[in-house]
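Using the hints, position chain Z against chain U.
If you want the building blocks of each chain, they are given just below.
Protein chains: 2
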Amino acid sequence: MTADFSAEILCVGTELLLGEILNSNAQYLAQQLAHLGIPHYYQTVVGDNPARIKKAIAIACERSRLLIFTGGLGPTPDDLTTEAIADFFDTPLVEHPEIIEDITQKFARRGRTMSQNNRKQALLPAGAAVLPNPTGTAPGMIWEPRPGLWILTFPGVPSEMQTMWQEVAVPYLKAQGLTGPIIYSKTLRFWGIPEAALAEKVAPFFELQNPTVAPYAGKGEVRLRVSARADSEAAAQALIDPVAEQLRAIAGQDYYGSDDDTLASVVGDLLHQAGQTLSVAESCTGGGLGQFLTTVPGSSDYFWGGIIAYDNRVKVELLGVDPAVLEQVGAVSAAVANQMAMGVRSRLKTTWSLSITGIAGPGGGTETKPVGLVYIGIAGPGDDVESHRMLFGNNRSREWVRWLSTCTALDLLRRKLMTL
Amino acid sequence: MTADFSAEILCVGTELLLGEILNSNAQYLAQQLAHLGIPHYYQTVVGDNPARIKKAIAIACERSRLLIFTGGLGPTPDDLTTEAIADFFDTPLVEHPEIIEDITQKFARRGRTMSQNNRKQALLPAGAAVLPNPTGTAPGMIWEPRPGLWILTFPGVPSEMQTMWQEVAVPYLKAQGLTGPIIYSKTLRFWGIPEAALAEKVAPFFELQNPTVAPYAGKGEVRLRVSARADSEAAAQALIDPVAEQLRAIAGQDYYGSDDDTLASVVGDLLHQAGQTLSVAESCTGGGLGQFLTTVPGSSDYFWGGIIAYDNRVKVELLGVDPAVLEQVGAVSAAVANQMAMGVRSRLKTTWSLSITGIAGPGGGTETKPVGLVYIGIAGPGDDVESHRMLFGNNRSREWVRWLSTCTALDLLRRKLMTL
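Sequences listed follow chains U and Z, in order.
Residue numbers 1 to 420, in this note's numbering, belong to the letters of the first sequence in order.
Residue numbers 1 to 420, in this note's numbering, belong to the letters of the second sequence in order.
Rather than coming from a laboratory, the hints here were simulated on the basis of the structure.
Identical copies go unnamed one by one, so any copy, or any two together, can satisfy a pair.
In silico EDC-like cross-links for lysine to aspartate or glutamate, where the CA-CA straight-line distance does not exceed 20 Å: (1) K106 <-> E195; (2) K219 <-> E399; (3) K349 <-> E317; (4) K120 <-> E195; (5) K201 <-> D78; (6) K219 <-> E15; (7) K55 <-> D87.
The shape of chain U in the complex, shown without the other chains (with noise of 0.2 Å):
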């Protein structure tokens, strides 16, 4: 990699222009940019318009040597990314008929045949190399069109985007020596613990230099990032190793996974290595509480099953609640958590049970019962039960409350098979 070297990211799409849609591309880009040591100082957005494009490459290339496009990739007429590239370097389209084959057999594959809309995703400017896409049927380009400079595009579906730059693009990018020193970085992830509260208990981290701490706080939990620049990624994970080691211990319980660990991926693990199993009981999460647990690949090694008890109707007749119990003191209650946890152990006999009954919102709060309020049962070994009252606060969304139950039942849950 040259000293004058860098990436910018070009996302195209009328839709980011009128806000429809967030630019979650241009974030992923640039982490993965971050992560490979590539500097890259600009990102430009701009709309399905062929005239505009062009103007926006000229920019482009004259302060960045490696040109990342995402969207304007699809078979419609205002997909026009490939055309306009095309076009700025003067350089004619050719098809390329083994994309034409691969689109047809993706198509024969879900019954369907393909549209003639769609034989222009199989034109690339000549000289380009087919990125290709593995989930889906816009391909992308490699493209030297002058030396020193590489046009890289990318289909606008972030997912499909994702598989490419991972499979495809950063190989390439290796290959090529464009990849500078690495910064690698390790996250670290607590549960049950406030940003304030955390970064207070480990501020002298946040003067590191190499590795860097620094807090961020996401969707209920807490994470802290830990990075490091190094030649290599077991020199990184040198420097970043004894850093996270001494984050662990100070946060203790607190802490639960790294990286891609999800609170459902560790209770999955604990209850694996104990050859346990766990059922649910779902009214205000719906499904959502075993949707997540299932999110991990071989979850069903120990998660049987549930039942999803929306209407009381179905905690009595399916779960057993006690008809009295509900009438006396209410679905949102210590009691009927207890009762659902329980007959959903004993129906699916399962080491363990969790439950969920609370108030989503945003109707059905009441002075005594705010929305926001969740009591999550557990039901274990010996036929032990409890239950927990959490108070989410009233002034949140529907599906904040829903995602907190869902995540809280498991960290209790979690904290529970640690003591074991």
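Same frame as chain U, but now just chain Z:
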């Protein structure tokens, strides 16, 4: 507003180039500009670097006449937006005592004293007006550095920026006559038809000028955006409605809803109107179908609950699936999908039920039952039951297969409910 008038959003912040945060400010401002009828063709992201900020200003001045900056107004040495703007226009910075007074008071109210660092926030280019920040310490500016060029600056904190935008910037832009005809959009949503096939059916509409019609794909569905420019929302609606009506007629049942509708909300509306109820039996989705159904407030009217039968024992014991059938044809089969649907419907006593059993991957696929094979069962009035075999492609992620399964199940029920 003159013909060549357009805005550009310039977001300043190294954290954006490192991918540490999502650029939600760009989306917010883009939506606001569209709503105010201010054309907007480019967005630029640049780091906290004065030379590069000035280069970005030079480019933006050439192509846009309203430059909207976010970020870089804070008290720390890497907050450089104001200085770079003043420097680019060769204008000295002058101190505004009223800003110092305002910041001092804000600190005092929280029992703190203003830091010396904050003094730099009181500096604005000579001739610029203060754009007050009611909820934070960093004020912005409103400046016309030369005739026909406007600059607005905002801090990067989204809540502060949005308050300043609404309370000061919008009235200012209107008073200056810089706002234009309203752009109003309606999004039509389709399920069960590929983007290219829908595009072919409605191709002539892409030629329209006002309203415009543009397709885009998202999360397994296809959308058409119908956008009109007009002097009022009512006038825009009058342009959009007949076109939307024609598009709906052409798409037939593949159209499922508009704007904020989801398959869950649309199915919910149909059930609610019919006074009917629904239960679910989920295997590979693990609760995701129930979770999606209950994203809709008020879904307890028609959704009673279900059984998450992730393990085969639960299929047998709680849903009454015949163990011999499980043994013979396996859990991922039409027969088991049918029995799951019938089992949950009879146990929960609902009008309808949906079942999902499939192979979400990444493991567990075989030659005859590959990853992505999913059976969806529907049981309904008269004990009718039917199942549908889906093949979602073996190159999709686990979450993608689960999401398509969930949506397809709802879509099948939707089509059934529409023919009643």
